[in-house]
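*Asks:* Throw the hints in and build the complete structure from the sequences for me.
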Amino acid sequence: MSSDTTGTDHGPVDRDLADGTSRTGANDRSGQTVLSVSDLRTAFFTEKETVRAVDGSSFDVRAGETVGIVGESGSGKSVTARSIMGLVDSPGQVLEGSSIRFKGEELTELSQKEYRRIRGGRIAMVFQDPLTSLNPVYTVGNQIKEALRLHQDLRGSEATEVAVDLLESVSIPDARRRLTEYPHQFSGGMRQRAVIAMALACEPDLLICDEPTTALDVTIQAQILELLGDIQDERDLAIVFITHDMGVIAEIADRVNVMYAGEIVESAPVEELFANPRHPYTRGLLESIPGRHPDEEQLRTIEGDVPTPNEPATYCRFAPRCPKAFEDCTAVHPVSVSVNETAEDHTASCLLYPEDQSREDAVETHRARGDAAEVTAGASTDSSTGASAESSADTDPERSGSPDSKAAGTGEDRREGSR
Amino acid sequence: MVPVTITGMTIVFMVIRLGPIDPAAAIVGLNNPEGIARIREQLGLTQPLWQQYIEFMVDLLTFDLGQSWVIARGTPAYELILIYAPRTIWLGIWSVLIAIVIGIPLGFYAGLNPNTGGDYFASFGGIIWRAMPNFWLAIILVAVLSQSQELFGFSWESWIVETNIVTPPDLSFFSEPMGLLTNTSAWTNGLIGALKAVAPAALVLGSASMGNEMRIGRTAVLETINSNYVETARAKGVPERAIVWKHVFRNALIPLVPIITGEAFLLIGGSVVVEVVFAINGLGYLFYTAIQNADLPLVGSITFIFILVLVATNVLQDFLYTLIDPRIGYE
Numbered sequence: 197m198s199s200d201t202t203g204t205d206h207g208p209v210d211r212d213l214a215d216g217t218s219r220t221g222a223n224d225r226s227g228q229t230v231l232s233v234s235d236l237r238t239a240f241f242t243e244k245e246t247v248r249a250v251d252g253s254s255f256d257v258r259a260g261e262t263v264g265i266v267g268e269s270g271s272g273k274s275v276t277a278r279s280i281m282g283l284v285d286s287p288g289q290v291l292e293g294s295s296i297r298f299k300g301e302e303l304t305e306l307s308q309k310e311y312r313r314i315r316g317g318r319i320a321m322v323f324q325d326p327l328t329s330l331n332p333v334y335t336v337g338n339q340i341k342e343a344l345r346l347h348q349d350l351r352g353s354e355a356t357e358v359a360v361d362l363l364e365s366v367s368i369p370d371a372r373r374r375l376t377e378y379p380h381q382f383s384g385g386m387r388q389r390a391v392i393a394m395a396l397a398c399e400p401d402l403l404i405c406d407e408p409t410t411a412l413d414v415t416i417q418a419q420i421l422e423l424l425g426d427i428q429d430e431r432d433l434a435i436v437f438i439t440h441d442m443g444v445i446a447e448i449a450d451r452v453n454v455m456y457a458g459e460i461v462e463s464a465p466v467e468e469l470f471a472n473p474r475h476p477y478t479r480g481l482l483e484s485i486p487g488r489h490p491d492e493e494q495l496r497t498i499e500g501d502v503p504t505p506n507e508p509a510t511y512c513r514f515a516p517r518c519p520k521a522f523e524d525c526t527a528v529h530p531v532s533v534s535v536n537e538t539a540e541d542h543t544a545s546c547l548l549y550p551e552d553q554s555r556e557d558a559v560e561t562h563r564a565r566g567d568a569a570e571v572t573a574g575a576s577t578d579s580s581t582g583a584s585a586e587s588s589a590d591t592d593p594e595r596s597g598s599p600d601s602k603a604a605g606t607g608e609d610r611r612e613g614s615r
Numbered sequence: 015m016v017p018v019t020i021t022g023m024t025i026v027f028m029v030i031r032l033g034p035i036d037p038a039a040a041i042v043g044l045n046n047p048e049g050i051a052r053i054r055e056q057l058g059l060t061q062p063l064w065q066q067y068i069e070f071m072v073d074l075l076t077f078d079l080g081q082s083w084v085i086a087r088g089t090p091a092y093e094l095i096l097i098y099a100p101r102t103i104w105l106g107i108w109s110v111l112i113a114i115v116i117g118i119p120l121g122f123y124a125g126l127n128p129n130t131g132g133d134y135f136a137s138f139g140g141i142i143w144r145a146m147p148n149f150w151l152a153i154i155l156v157a158v159l160s161q162s163q164e165l166f167g168f169s170w171e172s173w174i175v176e177t178n179i180v181t182p183p184d185l186s187f188f189s190e191p192m193g194l195l196t197n198t199s200a201w202t203n204g205l206i207g208a209l210k211a212v213a214p215a216a217l218v219l220g221s222a223s224m225g226n227e228m229r230i231g232r233t234a235v236l237e238t239i240n241s242n243y244v245e246t247a248r249a250k251g252v253p254e255r256a257i258v259w260k261h262v263f264r265n266a267l268i269p270l271v272p273i274i275t276g277e278a279f280l281l282i283g284g285s286v287v288v289e290v291v292f293a294i295n296g297l298g299y300l301f302y303t304a305i306q307n308a309d310l311p312l313v314g315s316i317t318f319i320f321i322l323v324l325v326a327t328n329v330l331q332d333f334l335y336t337l338i339d340p341r342i343g344y345e
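Chains R and L, in that order, give the protein sequences. Taking our numbering, the leading residue of the first sequence gets 197, the next gets one more, and so forth. Taking our numbering, the leading residue of the second sequence gets 15, the next gets one more, and so forth.
FYI, nobody ran anything at the bench for these hints, they're computed from the structure. Since the structure is predicted, the reported quantities are computational estimates derived from the model, not experimental observations. Be aware that a few hints might be false.
Simulated coverage check for chain R against chain L, where a stretch passes if three residues somewhere in it have a Cβ under 8 Å from a Cβ of chain L [to be verified]:
no., region
1, 313-323
2, 326-334
3, 343-350
With a cut-off of at most 25 Å between alpha-carbon atoms, the simulated SDA-like pairs for lysine to any residue come out as follows [claimed, not checked]:
no., chain 1, residue 1, chain 2, residue 2
4, R, K299, L, P253
5, L, K260, R, K299
6, R, K244, L, T130
7, R, K520, R, S269
Every residue gets a Cβ at the ideal spot worked out from N, C-alpha and C, and that includes glycine.
*Replies:* Shown next, in the form of structure tokens:
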């Protein structure tokens, strides 16, 4: 569809209502909310600059649901996962005002010791490279049993029995013998199965998969995706699935968050996102899937690179690469809004939306909300209101100059505005 | 193993027989051409070279080490080596141990606390230890210790037990292990004395290895701690202490194995200089005098022993690998 018409539709829109319904509707749709991330900001403080790797992203994950996070390299996907796990290493830091609620518990306030109980026990993680994510000098059984001992206090033959069951549940044949083998005796796909078994050892409520299939070949990839689907059905597991592969996302995700330069730019159920992408970035991503345009000689691409988000956003970070960018894009930071009145569960951070408002009204909407508070996607839940109010106090003075510097177009002017 | 030994011995043969060393001249003196010719005849040096070579090899490989020609004429080389070896072994063990016990923990500490004051201190110290040449450090240490009373107000020579600074360690307490029970205080005094006598030399000999192991240990720990399996272990909720002891150390030891066994080679060679400076008349010292006096059978025998030790450490290294790293095994 074309977005040229979006600005012409003058619908009376109550902003709050539009936002509110998008979340409430989603909540009714499926199980209980397991994880609620709101206004997550993770920054890396180096001597040269402060890189805001994740800059105000918010999303919910419900039991039995798979939430996909897609984006290019450097868009902040992995840092989001690490922030949830509490594994952000120095000089990285989850900033004040971020909120990660897991089953009603605020994870950002936990001590390291309390976090360890959650980590591996209730939230587990599967990493990208199965070839290196098992310790080469210990048997697979040893490493699975380590998790069992830590979180369920199982030892000896009892732990062995559970470990055998786990390996069988990830379809590894001859599990009992396999337990006594070392990782190098496993093939790549087998190792990833073993890693998944290890992650499932303590029956977590949430599984975070950070590109778990990227290092595997395509047939194994399909098997692992199928396995994850089966496990999810069995255990009503919530999964956060991080990848840059749109094909994988289409296969496994129920809901997709598209990340760009630390921000979630679009969020929608998977069918909706693929059928009706709204954000120009999402469109670009989908256009660039090989085979989308079989009659064209060259692959479609998005020109340019992901910028390093090293300053608070006072403009649309995608604007320099955006085919639909207009003047205000370089002066107003878009916030997450429903794409139109009827699309309850589809939000985008783009000045083109809500598409049923005039462009001027839409821009005004974004500016007003951006100024009032650092509200981001799905910020209608109670938990995040307090957090966003806090953070707005930090960021407001920095942002105050931005609405005035409307005349822009070059990168230089943009930077002027942001100072 | 066997080819290494044979090649090594062949090179040794070529060096000592084709070189300018003339044992006959060493025995009777240069001014006695008749005597030289007679002695050459006696020692079999007039035989064709290939015949000498075969005899040399066969003798050594059947562990017939022959007799000393010059230093202690008529004494079997085997006996001489037995007399001198214990002191070298005693020195070698302690210098390897000092390097392992100080170097590796320091390296691991530095690797676990990168870019802190402690790390900089340890790393810089490691570079300094590595950079100081043995002969220089040995002389400086002797100079400092002999003036310890003036410099630090404490006398190294009379500290705990009376010893000289430059002295061979007295290992007689080893010959009567029952002394530990029957005559405890004298026996432990003997042990402490032997330790103290060898300590400065061991420190010098171990200094470079210590620095090496510190640097390699630091790098190995840093590499391991950033690896994916450590991250996975963290994500499993393993406490930091267990991560370090279980997941980091064993992997970090893998690159250290060849370093440690490699240092063991160096200790044999390095001991010549250090033994001479500290007057520890061990194998290195014997080797040195044997070369000076053109005592060919003794030189050959000692190099043969050195080569055997080298091959043995190589075997030990492979064995250690299989213990630490399950990826390496015998087919």
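*Asks:* Of the hints given before, which are not true for this structure?
*Replies:* 5
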